Structures are given as structure tokens and as C-alpha cells.
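A.B. asks: Below are the chains, spelled out letter by letter.
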Amino acid sequence: MEKKVKLLIVDDEIDFLDTIALRMEMRGFEVTKAPDGFSALESAEKNKYDIVLLDLKMPGINGQEVLEKIKNKNEGIEVIILTAHGSEEVSKETTELGAFCFITKPIDIDRLVTVIRLALESRQKNEIIIL
Amino acid sequence: MKNEQFASDELIFESTISKKMYSSLRRNYFIRLIILYLLPFAFIIIYFHYQYNDLMTKSREMHLMSVAENQSRIIDIFLYERINNILSIIQSPDYKYPIDKKNLNDMLQRLKRNSDAFIDMGYFDTTSIQLEYSGPLSFLEKKEYGNESWFKDLVLSSNNFVITNIYQGLRKTPHFTIGVKLTKNNKRIIFKVSLDPQKIYKYMTSFEKSNDVYILIVNKESIYQLVPNEISSPMSRSPFITSKLSGIGIDEFKLNKEKRTFAFSWISGVDWAVIVIEKEFSIKSYYNLKIELILSSITILLLLFLIIIIRSKNIVKTEKEKQIAKHQLEQASKLATVGELASGIAHEIGNPLNIIANEVGIMQDYANPKFNSSKTLNDLELNFKKIINAVYRIKDINNKLLTFVRKNENELSECNFNEIIEDLVSGFLEREMKVDNIEIIRKYSKNFPTVLSDNNQMKQVLINLLNNAHDAIEGSGQIIFVTSFDSEKIYISVSDTGVGIPEDKINKIFLPFYTTKPVGKGTGLGLSVSFSIIKNLGGSIKVESKLGKGTTFTIEFPLNSKI
Ligand SMILES: Nc1ncnc2c1ncn2[C@@H]1O[C@H](COP(=O)(O)OP(=O)(O)O)[C@@H](O)[C@H]1O
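Chains as they are written, first to last, in this note's numbering: chain A, 847 to 977; chain B, 733 to 1295.
Just chain A, same shape as in the assembly (with noise of 0.2 Å):
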């Protein structure tokens, strides 16, 4: 059996992390939930993840600042942004810091599987590159 693909899914929104984490793990990925900034980078530094999915607006330790972090600490992990309301200022902010793509709420799972893919394809690339 194929590996499964790890994920951390960081959102201050309780509902909609359970619901979303349920949906992955449906569609055969493993799934860890952290409902704050803190606990990803705690749970980050414990676990090898391959993609986060990162709420930015969360109280205590934004979105932006997690991102900076994990993508610091972890080589090869790719953030996959997930917010309310896009703007232009904050996708060029988030793809600076090293985020892979930002998706809207409401999400569209198909959308969102298909981004991962993407993500992992490019990561996968990346490492051929460098290798």
C-alpha cells in the first residue's frame, strides 16, 4: 500500500477543523489537527509533516508567523494557505515567506486535493532538482 501523505491542519475554527480533517481523512490522508499557532509549531517540531494546511487569522500566534517558522525548520514541508476572504497584499506576502497557494473558504475538496497533489508533485521535483 502507497504511503500515506501527512497532514497538519492548523484553524482556530473548531467546526471546520473537525469537519475538513474528517473530509481528508475520507480521501486517505492522515490527518493532525491543531486548533492554534502554538500547537502546529509544537506539533511540527515532533512530527515529519508533508503539507500543512494553515489558517492565517487565528488569536495568539497569526498565520503568517507559523508559516515563517515551519517553513524555516522543516526542509521540504509545503504550506497550503487557507482563508476567509483573499487579497492580492496577502497572497504576495504568503508566497514570499515560501507558502505554496492559498485557497478561499468555503473550500472546494476536490480543489484542495488537487492543490496538495500539486504540491507534492513540485516538492517531489524540487528534490530531483537538488539531488
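Derived from the structure by calculation, the hints contain no laboratory data.
Computed from a predicted model, the values in this text were never measured in an experiment.
Please note that the accuracy of each hint is not assured.
Pulled a few chain A residues facing chain B out of the computed Cβ check, cut under 8 Å [said to hold, decoys possible]:
hint: 1; residue: 868
hint: 2; residue: 869
hint: 3; residue: 872
hint: 4; residue: 951
hint: 5; residue: 955
Sample of chain B residues lacking proximity to chain A, with all beta carbon distances greater than 10 Å (derived) [said to hold, decoys possible]:
hint: 6; residue: 987
hint: 7; residue: 1182
hint: 8; residue: 1279
Pairs of lysine-lysine, DSS-like flavour, derived with a Cα cap of 25 Å [as the list claims (entries may be wrong)]:
hint: 9; chain 1: B; residue 1: 1178; chain 2: B; residue 2: 1191
hint: 10; chain 1: A; residue 1: 879; chain 2: B; residue 2: 1191
hint: 11; chain 1: A; residue 1: 903; chain 2: B; residue 2: 1253
From the three backbone atoms N, C-alpha and C, an ideal C-beta is built for every residue, glycine too.
Fit chain B with the ligand to the supplied structure of chain A, relying on the hints for placement.
C.D. replies: Chain B with the ligand in isolation, oriented as in the chain A frame:
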């Protein structure tokens, strides 16, 4: 977090402009007005008083002095004339020296024709014995005058006449004497002529028209020579001390320990000074005038003071109204900012939409045979509930938003707010409140006037205020409705004994989407909608709150509302 975009603009409502601030504002205005108007005016008045006093005293002194000068001249002329009378008669070629009694009688007759002041006349040759006498007091004949000082003076003097002080002399009635010497046939002869001072007094006062002064004459020993009976009698001591060297001037004397002014003017041929003093009534009238002036100035100052008090109050009042009007205007323009409203709406509606999308998404998954889900419809109850809640939430927001749009669709009718409130709170709602330990108190104004308003919209406003009050009360408490009115406005207030609103938050509560209530409970639209409804109906709403004590919202409508 969701209202950060509104928080940056500070709006100040009346309650945050505290009473303290207004009283200091009033004090400032008060002080400014006092400095601007009262002080300069007071200075002017005081300066004017000083100047006036000065002028008054000077003019009074001038008056006294001019009377004194005139009078001294009159007496001067009078005496000069009398001496001339005497000289011309005794030197007349009609008489051959040495003269006899008949001659002397004749001379006196002639003198008396010149002036009725002449009393008698005596004649001396080289001796000091009165050789001949003509007049009413025949016992004076052959009297020795060698010891009389005037006689000695005249004999030794280089002048050919002397005028005595007034004295009683041998005859024991006040009189004075003019002594004249001349040389006839190489012999010195002397004539002594007595005069009645009362006649002089009559003569001189007949020239004086001002009856506000007393005119007196003193000699250089300060002894009264001529004096009105009301003041003193001749030959008694006077309080007027002046020196002949000064000629004419003003000085002070003491009358019953009071300082008074007198004018003096010395008469040149004789050691007499004319003294002029003010009569009591004229001093009083000056005094009264002064008091009157001071009193009227004080009255004016007090009036000004009163005006300043009223004005500073009014200024603050209009300032207050201006502030309120300004903030309401700001508030209205805030509400009208489409961008802000839109962003708020997007945010507020976005959340429930997300929830719906989520729930529908997972149900889609359950329904998808690909995932082999074992879920039945019963298992989805929670998901449906979440969806329906989200829909209601959007509907709620939508309803409230519509009131922003429905600006000109007021259904106006004459509304009695006592009835509207009673309608609203009695019955079901009151019982419901009772369950939560909340007592509803109504204080309705009697004869409360009706105003043209929208019954339904105002009911909505009152429900909003009531709900907020309800939410603010923790445990038990009271919600109080009060109606009142004055000549211009009606007032409806809703007070609660709830938690109150922090001062730094009170300027945000009317903003759309500002809420402190948990997600799903508050929309943050209640007050902003209420605000715009009331504004559309021509009224206004304000809030006062004390943290921990409670909050009062007061709605005002003008009585003759023009909507
Ligand atoms: N009577 C009150 N006592 C205390 N706070 C109040 C009161 N009324 C309103 N507020 C505050 O104003 C906020 C805005 O009220 P409102 O516009 O009616 O929206 P909502 O009630 O949906 O929160 C409330 O969340 C609350 O913080």
C-alpha cells in the same frame, strides 16, 4: 477581532464627554468672559470714579476759592471806598482846622450818606485824647486812646490809615475802626471812624449768589470777625488757620473730627481773611451723588456678572448640543460608509456560509458511494442543525440590514409611546423576564403627547434595547422604562441595572457589527439599526452608562416632528 476595522475611528458620545469636562468648560468660559468683559469694565468704572472724584473735589475747591477771592475783593473795595470817603471829607476845603463839634457832626452826616456802615466819628489833635466826638455814644467824648494799639500803630505807621480788628472796645458791641491821620497846619491830626461790621457782611453777601456756601471773615489770630450766627459769634476762636503770606488758597480744617475743606483769601488793606466753607446740605448732596454713582456702578457690574453667568451656561449648553449634533452626524456618516458596511456584511455572512459549505461538504462525502459511508440520515441531525442555524443567522443579519435600506418607507401614524411600551412589555415578555429574575418597571408620564412615528419600527427599536438590557443583567435586576416630555421634546428612556459599558467601548456600540456577545448570539446590528431608525424618524438616541451600575438609553423626538 472581527470589528477591528471600526475600532480605529474614535467616536465620542455624550456620555464620554463627562460632566467634569463640561463644568471645566463652563469655568473656562466664565473666566474668559470675566477677563474679557467684567475686569476691563470694572477697571474703567474704578478709574472713572477716581477721575470723577478728583474732578469733583477740584471743581468744588475752585468754586470755594473763587467765592473767597470775589468776596475778599469786594471787602477790599468796600474798605478802600470807606477810607476814600473819610479822606475826601476831612480834607474838604469846607472845614477849617482846628474843627469844632459842629464840623464833626456835619462830616459824620456826609459820611453816613456815603455808607450806612459808619457809626460815629472822633477827632484827635496831637494828643491821644478824643477832642471831639460825633455819634450815639456821647460818653466817649474826651476819652483817652493812647493805650489802644490801633492808635499807637497809626501814630507810628508810615501809612496814613489803620483798620482795626473787630472788637468790643469801650462800647461793648462789636465794631471796627478806621483811623486816619493827616497833617494840617504842620500839626498831626487823627480821625477815628467806627463802622458796623454787620453792614459790611450784608453788603458783601448781597453780591454772592451761591447759597451753598458760608462766607466768614477771620483775622490773622484766627478769631472770627464776621460770622453767621449758625456757626459762631464774632471774636470767638475759629478752626481756620492760615497765613497772610499764602494770599489765596485751599486748606483743611476739622469739624467734629471730620476733615473739611475751606478756601481762604486775604484782604490786602487789612489783616482779615475771607473764609468760604460748604454748607452741610451741599456736602451731603455731593456725598449722595457719589453713593448713587457707586451704587449704580455696582448694579451694572452685578448685571454684567449675571449676564456672564448665564452666557457661560448657554455657551456650554450650545457647545454640548453642537457636540452631540456633531457626533450624531459623524455617526450617521459612519453608518453610511458603504465600504465598511460591505466589509462587515461580508465578514458576518462569510462565517455562516463557511459553516454551511462545511456541513454540506461532509454530507456530500457521506452520500458518495466511493467513501462507503455507513451514516444514515439520523446520524446527520447535528449537521442539519448547524446548517439551519447558519441560515437563520444570515436571515437575521439580512433582516436587520434591510432596515438600513428601507429608509423612506416609514409608515407614519400618531404614536403614543406609553401604549407602545405597554403593548410590548406586558404579558408574555414580562413573564419571561420574571423567570430570569428581571423586574420591568414603567414610569409613564401622564398626558404623554403623541408624536408622528412608525409604530412597528419603534417597536423594533424598543425590542433591541430591551434585549440588550436583558443580556446586560447578570443574575437579577431591573429594566426601567421612563417616558417624559417638555415643551419641545418627548423622552423615552430604557435603563437597566446591568454590567454597564466601559468608557472606551461606549463610542463603538452604535457601529454596525460591534458586539461583545458570543458568536451566534450578537449580530452587533441592534443598536446601529435602532440608531438609523430613530434618525430617520427625526429623533436621536444617546447613551449613559456606569460600569457595574447599569446603562440608560434615551430616545428623543421633537414634539412637532418634521420627518
Ligand atoms: N444595555 C446594555 N448594557 C451593556 N452593554 C450594552 C447594552 N446595550 C448594548 N450594549 C453593548 O453594545 C453592543 C452592541 O449592541 P447591539 O448593537 O445591540 O448588538 P448586539 O446586541 O447584537 O451585540 C453589545 O454587544 C454590548 O456590548
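A.B. asks: Take the hints in turn and mark each one as holding or not.
C.D. replies: Against the structure, the hints come out as follows:
1. 868: holds, 6 Å
2. 869: Residue 869/A check passes; min Cβ-Cβ to chain B is 5 Å, inside 8 Å.
3. 872: Since the shortest Cβ distance to chain B is 5 Å, the answer is holds.
4. 951: holds, 5 Å
5. 955: Holds: closest Cβ of chain B sits about 6 Å from residue 955/A, inside 8 Å.
6. 987: Check passes; 96 Å lies beyond 10 Å.
7. 1182: holds, 48 Å
8. 1279: holds, 25 Å
9. 1178/B with 1191/B: holds, 21 Å
10. 879/A with 1191/B: Roughly 47 Å separates the two Cα atoms, so the pair is violated.
11. 903/A with 1253/B: holds, 21 Å
Comparing the model with each earlier hint shows a violation of hint 10 alone; every other hint is respected.
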